[in-house]
Amino acid sequence: MNDVCISCKNIKRGFPTADNTFWALKGVNLDAERGKLTILKGRSGSGKTTLINILGALDYPSEGEVFFAGKDLSKLSENARDSIRREQMGFVFQSVALVSMMTAYENVEFGMRISGRFNSSVGERKRRAERMLALVGLAQRMRHLPQELSGGEQQRVAIARAIAHNPNIIFADEPTAELDTNTGLQVVKIFKDLIEAEGVTVLMTTHDPGFLDIADRVYELEDGELTDG
3 MNDVCISCKN
13 IKRGFPTADN
23 TFWALKGVNL
33 DAERGKLTIL
43 KGRSGSGKTT
53 LINILGALDY
63 PSEGEVFFAG
73 KDLSKLSENA
83 RDSIRREQMG
93 FVFQSVALVS
103 MMTAYENVEF
113 GMRISGRFNS
123 SVGERKRRAE
133 RMLALVGLAQ
143 RMRHLPQELS
153 GGEQQRVAIA
163 RAIAHNPNII
173 FADEPTAELD
183 TNTGLQVVKI
193 FKDLIEAEGV
203 TVLMTTHDPG
213 FLDIADRVYE
223 LEDGELTDG
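Residue numbers (the numbering used here): 3 to 231.
No false leads were mixed into what you were given.
Taking lysine to aspartate or glutamate and the EDC-like style, the derived pairs with C-alpha atoms no more than 16 Å apart in a straight line are:
#1 Lys-38 <-> Asp-5
#2 Lys-38 <-> Asp-218
#3 Lys-73 <-> Asp-84
#4 Lys-14 <-> Glu-65
#5 Lys-28 <-> Glu-65
#6 Lys-77 <-> Asp-61
#7 Lys-73 <-> Glu-89
#8 Lys-28 <-> Glu-67
#9 Lys-194 <-> Asp-215
#10 Lys-77 <-> Glu-65
#11 Lys-38 <-> Glu-198
#12 Lys-191 <-> Asp-218
#13 Lys-194 <-> Asp-218
#14 Lys-11 <-> Glu-35
#15 Lys-77 <-> Glu-67
#16 Lys-11 <-> Asp-74
#17 Lys-14 <-> Asp-225
#18 Lys-14 <-> Glu-227
#19 Lys-14 <-> Asp-61
#20 Lys-14 <-> Glu-224
#21 Lys-194 <-> Glu-35
It is worth saying that the hints were derived from the structure and are not from the lab.
Work out the full structure: start from the sequences and follow the hints.
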């Protein structure tokens with residue numbers, strides 16, 4: 003049996019409207035294998051972000067179950083979900099959301115402190131932050147502020163920040179949407195390198211078909227339903 007990091011069963015998500023309920027997700031089943039890159043593709047409005055928010059414990063499903071680390075996330079308290087997000091998950095978004103007054107290194111180190119991991123040793127935290135920035139090719143740029151970095155470099159800092167606290171899974175929601183094709187491809191390849199080096203699981207959404215050959219598994223969403231996988 004495959005080693006599954008996170009899975010969801012019959013996930014539905016409805017949003018009330020003036021006259022009815024809009025179902026953004028209509029019974030989705032998905033498995034993301036540990037140490038693999040799983041891509042969730044689909045056009046804007048297909049339900050990708052809604053699904054990744056539920057899997058990442060940022061939102062609750064209207065129906066269905068999400069299993070992570072042997073627990074159904076939809077049944078946990080908000081405090082328990084917050085601990086799991088902070089300690090065991092990493093997030094990379096389309097907007098990199100770096101702290102503008104912090105250097106690349108400081109952004110990564112700050113993310114580690116928020117997670118609560120590596121807090122016992124300043125030296126260990128420093129070494130880990132520097133190693134993660136080196137892994138994403140920014141060893142020579144770690145003392146630069148975000149505004150001194152290109153869009154692709156900023157996204158790489160965001161990836162280093164997401165992986166630095168050693169999470170079990172990274173959720174990347176359209177991380178290449180604002181990048182040109184070549185830079186976007188470099189970002190996706192960094193995810194593959196991190197999987198190899200760190201053993202992390204990556205679940206990424208995209209509408210760009212150019213990245214699909216790199217994935218270990220591809221699911222396609224259309225109007226809230228899986229059409230592939």
